[in-house]
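K.L.:
Spelled out, the chains give:
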Amino acid sequence: MTDTAEEVSRIGSRWQPGPDGLLLDVRDLQVEFRTREGVAKAINGVDFDLYEGQTLAILGESGSGKSVTAQAIMGILDSPPGFVTGGTVEYCGTDLLKLPESRRRTVRGPEISMIFQDALSALNPVFPVGWQIAEMFRKHRGMNRSDAMREAVRLMERVQIPGAQQRAKAYPHQFSGGMRQRIMIAMAIALDPAILIADEPTTALDVTVQAQIMQLLADLQDERKMGLILITHDLGVVADVADRIAVMYAGRIVEQADVFDLYANPGHPYTKGLLESIPRVDLKGQELSAIGGLPPNLLAIPPGCPFHPRCRYAQDVCKDGAPPPLREVGRNRYAACHFAEDVLREGAHQ
Amino acid sequence: MVRYIIRRLLQMIPVVLGTTFLIYTMVFGLGDPAKGRCGERPCPPAYIAKFNAEYNLDKPLVLQYLLYLGKLVHGNLGVNFYGNDVSQELTTRYPITIKLTIIAILFELVVGIAAGVLAGIRKNGFLDNLVLVSTLLVVSIPVFVIGALAQMVFGVKLQWFPVTSTQGTLGQLILPGLVLGSLSVAYVARLTRTSLVENLRADYVRTARAKGLSRGRTVGVHTLRNSLIPVITYVGADVGALMGGAIVTERIFNINGIGNFIYQSIYNHDGQSVVGAVTVLVLVFLLINLIVDILYGVLDPRIASD
Numbered sequence: 001m002t003d004t005a006e007e008v009s010r011i012g013s014r015w016q017p018g019p020d021g022l023l024l025d026v027r028d029l030q031v032e033f034r035t036r037e038g039v040a041k042a043i044n045g046v047d048f049d050l051y052e053g054q055t056l057a058i059l060g061e062s063g064s065g066k067s068v069t070a071q072a073i074m075g076i077l078d079s080p081p082g083f084v085t086g087g088t089v090e091y092c093g094t095d096l097l098k099l100p101e102s103r104r105r106t107v108r109g110p111e112i113s114m115i116f117q118d119a120l121s122a123l124n125p126v127f128p129v130g131w132q133i134a135e136m137f138r139k140h141r142g143m144n145r146s147d148a149m150r151e152a153v154r155l156m157e158r159v160q161i162p163g164a165q166q167r168a169k170a171y172p173h174q175f176s177g178g179m180r181q182r183i184m185i186a187m188a189i190a191l192d193p194a195i196l197i198a199d200e201p202t203t204a205l206d207v208t209v210q211a212q213i214m215q216l217l218a219d220l221q222d223e224r225k226m227g228l229i230l231i232t233h234d235l236g237v238v239a240d241v242a243d244r245i246a247v248m249y250a251g252r253i254v255e256q257a258d259v260f261d262l263y264a265n266p267g268h269p270y271t272k273g274l275l276e277s278i279p280r281v282d283l284k285g286q287e288l289s290a291i292g293g294l295p296p297n298l299l300a301i302p303p304g305c306p307f308h309p310r311c312r313y314a315q316d317v318c319k320d321g322a323p324p325p326l327r328e329v330g331r332n333r334y335a336a337c338h339f340a341e342d343v344l345r346e347g348a349h350q
Numbered sequence: 001m002v003r004y005i006i007r008r009l010l011q012m013i014p015v016v017l018g019t020t021f022l023i024y025t026m027v028f029g030l031g032d033p034a035k036g037r038c039g040e041r042p043c044p045p046a047y048i049a050k051f052n053a054e055y056n057l058d059k060p061l062v063l064q065y066l067l068y069l070g071k072l073v074h075g076n077l078g079v080n081f082y083g084n085d086v087s088q089e090l091t092t093r094y095p096i097t098i099k100l101t102i103i104a105i106l107f108e109l110v111v112g113i114a115a116g117v118l119a120g121i122r123k124n125g126f127l128d129n130l131v132l133v134s135t136l137l138v139v140s141i142p143v144f145v146i147g148a149l150a151q152m153v154f155g156v157k158l159q160w161f162p163v164t165s166t167q168g169t170l171g172q173l174i175l176p177g178l179v180l181g182s183l184s185v186a187y188v189a190r191l192t193r194t195s196l197v198e199n200l201r202a203d204y205v206r207t208a209r210a211k212g213l214s215r216g217r218t219v220g221v222h223t224l225r226n227s228l229i230p231v232i233t234y235v236g237a238d239v240g241a242l243m244g245g246a247i248v249t250e251r252i253f254n255i256n257g258i259g260n261f262i263y264q265s266i267y268n269h270d271g272q273s274v275v276g277a278v279t280v281l282v283l284v285f286l287l288i289n290l291i292v293d294i295l296y297g298v299l300d301p302r303i304a305s306d
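If you're matching them up, the sequences are chains C and U in order. Quick note: the first sequence uses full-length UniProt numbering, first residue 1, plus one each step. Quick note: the second sequence uses full-length UniProt numbering, first residue 1, plus one each step.
Worth flagging that the hints you see were computed from the coordinates, not collected in a lab. Mixed in with the good hints there might be a few duds.
As the list claims (entries may be wrong) - Across the chosen pairs, the derived CB separations fall in these ranges:
#, chain 1, residue 1, chain 2, residue 2, range
1, U, Leu10, C, Asp192, 47 to 57 angstroms
2, U, Ile5, C, Asp243, 51 to 61 angstroms
3, U, Val221, C, Thr203, 22 to 32 angstroms
4, C, Ile278, U, Ile5, 52 to 62 angstroms
5, C, Gly163, U, Leu66, 48 to 58 angstroms
6, C, Asp219, U, Gly125, 38 to 48 angstroms
7, U, Gly125, C, Glu346, 51 to 61 angstroms
8, U, Thr91, C, Arg145, 43 to 53 angstroms
9, U, Arg302, C, Lys284, 40 to 50 angstroms
10, C, Gly177, U, Gly125, 32 to 42 angstroms
11, C, Pro162, U, Gly125, 41 to 51 angstroms
12, U, Arg225, C, Asp78, 15 to 25 angstroms
13, U, Asp203, C, Asp234, 15 to 25 angstroms
14, C, Thr35, U, Tyr263, 49 to 59 angstroms
Don't be surprised by glycine CBs; every beta carbon is placed ideally from N, CA and C.
Isolated chain C, as found in the complex:
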């Protein structure tokens, strides 16, 4: 294919992060899905940034827009029905949303790559895993089959797959869940990307394997100084590895803070509700707290603060007008709530 040669010629000119290590700068990102039932506003103005070696966790319920955010950054939204309708996604100073598809493609894999929740369905069932990893080297680096395969085996060894040499010829269904996710990871880090997006990487795995995979991701990140975006709904997974957390609700970031600050004292009622709904050993026997109500229908997001129907702090001001903006409510922490200070103060007393 002609684009292979084109891609090879560009290897020399790698993208350079900003002087402060800024890799990714997402501003006011908006995504909607145009369906037969109407327009679903999946992402309504998302802002965050990511630095070299930083781990940002994006936390939220299903339907909060966390996976869609990742897909919009990658440029792999199913379109139609999904459309990016506004905002910028600047990678190393260049707005990816303005790049033509042919150039955008050279970013996916070598610069930003992604792993998915269910590695069994995310890997192609009819090709050997080694072949699928080697494809990265063949298509982006123009390597021949045998060199690419040697690189693939080397990567499989790096992600600790026993007997990598032989296992490279096996198919995805011949691996266990954890091993499959390792293969996904090997494929994603093959070209040494600056950013790795992990979309619920451990959700489909059992708990002991979850820990191993998270450890592997953390090690790889250390080793390569990658920026890691970890998308999850599992607060437990986040606590150990993340530096910073963005909590999403109805396509907006409702709170963003360093992981320790957020866990110590949430600044948004939604985050507070999430943290209270984690089962705790010291509260054994007590009824588990849950956030009442359901996440909003994205076809009809309530006016005002989208969380107000479920919020115990809600006042009249929350019910109309524009949603409260994400504002600075403390040192390096942001919350999108009219009563963030009250929530924080209340938490500090507990």
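Fit chain U to the known structure of chain C by using the hints.
P.N.:
The following block gives chain U in isolation, referenced to the frame of chain C:
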């Protein structure tokens, strides 16, 4: 793999025994094969006795069948009621049916898959609707209408193709081959389209895009290979069916193939030829299905390893 093939071959034995016994019983057990052999008049008793003795018809049915089977394992299909060797009759006709099948299958694969892919990659687009409507049209017309129509238009009026195919040369067989494959082409196109549309939504396609692969490679390599699995199943079964001869198409174009032979044999009450031909058809059908199943494992590794 070898064990799998051996197991499959062993499974064929009861199938072959069952089908041949059924066809033998239907042809020789349910009526008097000697009836009507002498035109309007009844046959002389001496002739009937000689005829029955020659074809073992004077013995009990099960014994008849076993005697037939005994010859069959030596590859001997016997002599038909006209004194011709049935194996010989089949050998001269099979190459024509094979040629016809190859043309039809190539047509199905090339045109059917191409149309299905073009329709599937732009779902609800112009090509998609064109393919859906035209295949619906083809599916709803019986093959004898398509055959006669094609013969009339392309053979008689436009004279692009010969009207009949009596010698069974490749050039003569193109039009009948297209007619024969027309119905399946429509099914293959629809099957490919549906399968492709479904697979394009699969997670591994999203992965292929996340890997920065071109759209051509995402569709042509990653999606198509998976989408073709049901198509190959269908085409495989179709090869088996087409190898059995196409009675209607061969009649329309006067092709001297297996289908026509079976038709003539039934028409002439030539039981020996009917049983011989059907026995061979069963064997061919089973063998082709085995080959397709083995190929299937190549296409879908999840099946091969079981």
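K.L.:
Indicate, hint by hint, whether the structure satisfies it.
P.N.:
Checked hints:
The hinted range of 47 to 57 angstroms is satisfied by Leu10 of chain U and Asp192 of chain C, whose Cβ atoms lie roughly 54 angstroms apart. At about 58 angstroms, the CB distance of Ile5 of chain U to Asp243 of chain C agrees with the hint of 51 to 61 angstroms. The hinted range of 22 to 32 angstroms is satisfied by Val221 of chain U and Thr203 of chain C, whose Cβ atoms lie roughly 28 angstroms apart. A hinted range of 52 to 62 angstroms for the beta carbons of Ile278 of chain C and Ile5 of chain U is consistent with their spacing of about 56 angstroms.
In this structure the supplied range 48 to 58 angstroms holds for Gly163 of chain C paired with Leu66 of chain U, their Cβ-Cβ distance being about 56 angstroms. About 47 angstroms separates the C-beta atoms of Asp219 of chain C and Gly125 of chain U, a value consistent with the hinted range of 38 to 48 angstroms. Taking 51 to 61 angstroms as the suggested C-beta distance range, the pair Gly125 of chain U and Glu346 of chain C conforms, at roughly 57 angstroms. Distance hint check: the CB atoms of Thr91 of chain U and Arg145 of chain C are about 45 angstroms apart, consistent with the given range 43 to 53 angstroms.
With their beta carbons about 44 angstroms apart, Arg302 of chain U and Lys284 of chain C fall inside the hinted range of 40 to 50 angstroms. At about 38 angstroms, the beta-carbon gap between Gly177 of chain C and Gly125 of chain U stays in the expected band of 32 to 42 angstroms. In this structure, Pro162 of chain C and Gly125 of chain U meet the distance hint of 41 to 51 angstroms, their C-beta atoms being roughly 48 angstroms apart. Taken as a hint, the range 15 to 25 angstroms holds for the pair Arg225 of chain U and Asp78 of chain C, whose Cβ atoms sit roughly 21 angstroms apart.
Between Asp203 of chain U and Asp234 of chain C, the C-beta spacing of about 20 angstroms keeps the proposed range 15 to 25 angstroms intact. Between Thr35 of chain C and Tyr263 of chain U the CB atoms are about 55 angstroms apart, so this pair conforms to the stated range of 49 to 59 angstroms.
Violation of the numbered hints given earlier is absent; every hint is satisfied by the structure.
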